[in-house]
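A.B. asks: Construct all of the structure, not just a fragment, from the sequences and the given hints.
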Amino acid sequence: MDVYPPQYIEHNLPFVVLSGLGETPSYDSGYEPHPLLKGHGIEIDSAVPVVTGERVDHLRQEFLSADARDAPWNNLRTRTRNDHIGFRLKAVGRGYVLPPRKAQPPQISPDETPPGSPLPANGQRWVLHSPISPLSPGSPTFPDGVMTPLWIAKHQNHIPSVFISFFDFTSEPGRDTLNDNQLKAEINRIKAIFHSSGYKTHYAVVLMSDRSIFEAPDIEERLANIRRTTGLDPKNALFFLPANTSRAELAAFVQSVLTTLQPLCVEYYRDLSKHARRKKNRNSVPAPTAAPTRGASHPLSGPGWSVRYDFKLGVFAEFRQEMDAACRHYSFAIDALLDGDGVFETTASWSPRWDDTRLLADGIAIRIVRCLMWNNGPTSAVQSWQNYKDRMRDLLDRRGKGTANYGWQAWESRWARVMAEIIQRVDPPIFAIVGSPEFPDALPERKAIYSPPEKAFPVGERLAPWHLVHHPGYWFRVSAERAISRRRLAEELPEEDRLPPGMSPATKVANRFATYDTYLVPEPHVEYPIPDKGGEGFDHTGEVVDLFNKAVGEFHARGQQRFVDKLQLDMGKELIHAARYSDALSALKPLWEGMSWRNERWWTLVSDVAWALNDCAEKCSDEESFLVTEFELQSRLLRPKQGKTYDFMTCLDSFAQAEGAEKPRVTLRAQDVLSCISITAEFAVVEGHVAEPILTQIAVRSNAHKGSKPITLDNLTVAFTGSLGSIKLQHQQNESGPSPLTELALAEDEEHKAGNIPSFKGSADLTFSAGEVRVFTFPITFKEAGEVYVESATFEIDTDRFHLTYTTESPQENTEPIWWVMGKNDLKTKRLGRIMDDPAIKVLPKPPKMEIRLPNLQKRYYATELIILELEIENGEDEEAEAALEFVLMDQQKNPLEFRWLVSDADAASEEEQSDKSVHAIGKMEPGAKRTQSIRFTAPIDSGEVLFDAKVIYHVISDPEVPISKTIVGELAIIDPFEATYDFTPQVHPDPWPSFFHIDDTQLPEASTDPATVRAFGLTARYLMNVRIGSYAEEDLVIHDADLTIHEIAGGAIASITKKTVGEAEVDIAPQAVQLRTFCVDVQKIALEDRRSSALATSISVTWRRKKPMSQHPEASSSVRTVIANPRLIAANSEPRVLASARPSTQLPTLIHLDYTLENPTMHFLTFDVSMEASEEFAFSGPKLTALHVLPHSRQTVRYNVLPLVKGAWIYPQLRVQDRYFNKILKPAPTEGMRQDKRGIAVWADVAEEESGEK
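In UniProt numbering, the protein residues as written are 1 to 1255.
Certain hints may be false.
As the list claims (entries may be wrong) - Below, in silico cross-link-like pairs of lysine-lysine (DSBU-like), each with a Cα-Cα straight-line distance of 30 Å or less:
| # | residue 1 | residue 2 |
| --- | --- | --- |
| 1 | Lys-619 | Lys-709 |
| 2 | Lys-846 | Lys-761 |
| 3 | Lys-589 | Lys-533 |
Unchecked claim - Label-pair distances were calculated between CB atoms; the ranges are:
| # | residue 1 | residue 2 | range |
| --- | --- | --- | --- |
| 4 | Lys-783 | Lys-709 | 41 to 49 Å |
| 5 | Lys-1238 | Tyr-1032 | 27 to 35 Å |
| 6 | Ile-941 | Lys-1107 | 19 to 27 Å |
| 7 | Lys-709 | Gln-386 | 29 to 37 Å |
| 8 | Gln-1196 | Lys-1238 | 53 to 61 Å |
In case anyone wonders, no lab produced these hints; they're calculated from the structure. Since this is a predicted model, take the numbers as computed values, not measurements. We treat Cβ as the ideally placed atom computed from N, Cα and C, and that holds for glycine.
C.D. replies: See below:
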């Protein structure tokens, strides 16, 4: 947009002048005021000096930082605007000149008076207008011009909407009144100047005090006096800045002032709009100051005045930031220019006014696009841009000089560039560049290359792609393409039209003026001058390259790398066309090195880049660039050049070789440069073994152009990863000629050997003709196992003029694995049984012939069991071998477990010397020999699985460098051998309870802290614990013993355990069988008055062994102690209870003595009502209904003699015991030999032998 007047293009902002803050360099350094705007102007000066000081400098900086002339052209509030509409600020001294409102009366000489007209009298009254009006003779638009940029400059750069004067407000004792009077007089004088000027500029004053109101209390009274005298509104015309303000307070003050003045600025431009609208509505052409006197000039027509007023209304609306109204008025103006009865239709194309009007039309069209973009209408803006271009083409074809010339292509290029620059100034958020410091908040997903249409367009409406706003790079690219078309049309200009005017006949010059459109472009002799005749002409290449560079920057910022490469290629071609080979080389070389087309196999574009760079390198004598491009162009995938001789070995012979200069050395990679030589390496089998020869094949194919000269490699190297280092073939000329399939014998390369990983080398004929395939076959023996991958293939070409190295990374990935075989006449291929991602070969260890067995492996092992695991090793090799056994034991979380080798004393000494306890040396073993090694460990206490890994590592005596191993892995299932269930029932203790009413001296408490020596004097309760031990094992076990252990007693008591004897000391227990163990537990409270319940933490310890040992080792028969944890047992001794016990009579077998013992462990005297219910199942003798009085800490027994009436069944005596005082019913609890269910306690009525012998 630089070719247009800045006033037509710039966004209009309210103009504010800061007077008295000191003059600063203007932002408009390139703008020079026109004499019509500064001559005879209205001068505003003042004798009051400008304010100075550091605070003043900071204040001026804060004001100027709010200048929004460089802000983005959008409606988003930015940090510069601070939520304002934006201002254009200018700091001046005390002097300022306003442009004159009226032009000076014309000075008419006699020769300017029309013939026959009388001379005007000296006292004639002229109708004066603005100096830049089409009605004033001295105006650039007089008499028929529509608009001039001076009118916009007048309102944007000369007439402020607000004029702010800054004065010092000092406080000096004795001089305050004098200073205030001078200040009031100066303010009133400046106000009078503005009033007399006729401009409605708002005048404001800022008083900068040297003291605060607290320091000088009379400041408020002085300010009130100044307001009354000057008539300044304290709300928006008089501002006070106290002393000692910080930088932040200054910024807040500036924002407050601008916020207050913003409505006044808007109102100022609204008044100007009203004045322009009133003049437009008159529908009459004002009378000029003087009529045109010369030529065919005529006054401005009515449509011209309509355009002028609409343009003014649009500009004033833009000053107010009302972009909708501005766009509407601009649209009216552009229609009045381009319509069938518009201004262009009445203006001759050869007239200078034609170009002036086109300049105005372009400026209005640009403003319309800006307004639409401002109002978030991107698609409407592009449609307006396209519509104006179409209308202008139609206008030039009808009324102008046509569009088939370089001037129209220049305008199209300029018009596309204008669109790009508008988008850059608008700065849409959707085009924010991620990672740019200018857009720190840009989201990663914001990589849009075009903006979607606005909401005004219905969803689903089909729009042409060129009707959408694309990022600026798209428009720069369009501009560059039109600039190239302009250059092509300029090159087609006839030579006679390119001669300078001084060397051409006048008729030719006139014809040239009528033929070529030179709007904003030079004449034909400057556009494309004749060499040595026309001087320096227009730099077409420089303009195209500049546009391409701008487009490249935009496309690159948005990650459109393919477009970047294409633009760089086009730029390189343009530089080559201009014979600027050095610049073309600089542009094409980075493209050639980093373009993505090579990987995407777009060979046509790769060919264009390679040939262009090759030509530039040849013209610039760049041997290295020429060498690498010549190498790539050898490939038949790239487009050949007709008549080109392909001889890569002598390609640099055309370059002069300097004496003593080193030959170029170039290193290339496959991902950067295409090669005509491809190398693949394959193995005949997918899997092989160590120490076995494996057939290997290297195939070399030449993809050079047909008819090209042979290429000789100095050497080629294939590098591997894994258990193979590299294979290198050195060139050696074959006298008998090359063969398609060559069998080689390689030798091990000791120089490149890495440990036990071998490398090989050999020699072969490495001369390859175009289209030739050569295969080299040889055996390889591996020494280590592992997966082998082809890492890279490298070949070198070494001549007297250059040395080239080319490397291909992982060449097998891009080719199908094939194996070459020799047919009858030619080579043939067959597929290998693997895919490309698989290793080239899997080298397996040498097949082991030594076996590992576990002869005593059990199905199940038991927790805490001592396990002895035997490992039997058998040597199946045909010769003697030396072996070692490695054993690893782990739990389920892969944590190592401890174990110990069972060895002899001599072997134990050697085991102690080894640092690695998991490895046990076996020694030498003869063929067929067997060795058994045992390990010992204790099974974990928890059930689960134990993992083991047994590995025998050996080597045969004849080949100690090749280790061989055999591994077995497995799991040992660990389970719990037993489970225990129990019954904990109360019993009647046979010993009497201690008397509550009698205390011996021995019952006095002792101060003992040892629980083992504490003596107990409380109540004793007996419990019977029946433990049922069930076997989880899958085999017979032998139980030696079972013990009940009390670990902890809570509740102030002691306990003792009595184990009831069983018949046999050792008892066999079958799988799923149950063994019963009975224990008697006596719990006695330490203190007699302690009524708390006691809790016992117990466990069952079972000592057992396998009935059949797992090994012959003596330790395999040892006993195992398994602990089974029980829940806590509760011994309640705080409430009264009833215990029922039954025993058969010794005199009468069928009679049962049923005793009910009532225990009262409390401190209360209790009375119980006892009643026995009658039953059909038995007869009884005893109290049917009675009352028992039980003293504290005592017990009583009630006996019933029960005679069962049934045999072989359970009878249910129903005894009711009720506490008379608490009215609580006590349920009897059964003891040994009884049971309890939902009916109550039950006694077994056994079958006794009668006299008849029946049961």
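A.B. asks: Please go over all the hints and tell whether each is borne out by the structure.
C.D. replies: Cross-check of the supplied hints:
1. Lys-619 to Lys-709: Within the cut-off at roughly 24 Å; holds.
2. Lys-846 to Lys-761: 25 Å, holds
3. Lys-589 to Lys-533: 36 Å, violated
4. Lys-783 to Lys-709: 41 to 49 Å: Between Lys-783 and Lys-709, where Cβ atoms are some 42 Å apart, the hint holds.
5. Lys-1238 to Tyr-1032: 27 to 35 Å: 32 Å, holds
6. Ile-941 to Lys-1107: 19 to 27 Å: 23 Å Cβ-Cβ, so the 19 to 27 Å window holds.
7. Lys-709 to Gln-386: 29 to 37 Å: Given a distance of about 56 Å, which is not inside 29 to 37 Å, the answer is violated.
8. Gln-1196 to Lys-1238: 53 to 61 Å: 28 Å, violated
In the structure shown, a violation is registered for the earlier hints numbered 3, 7 and 8, in ascending order.
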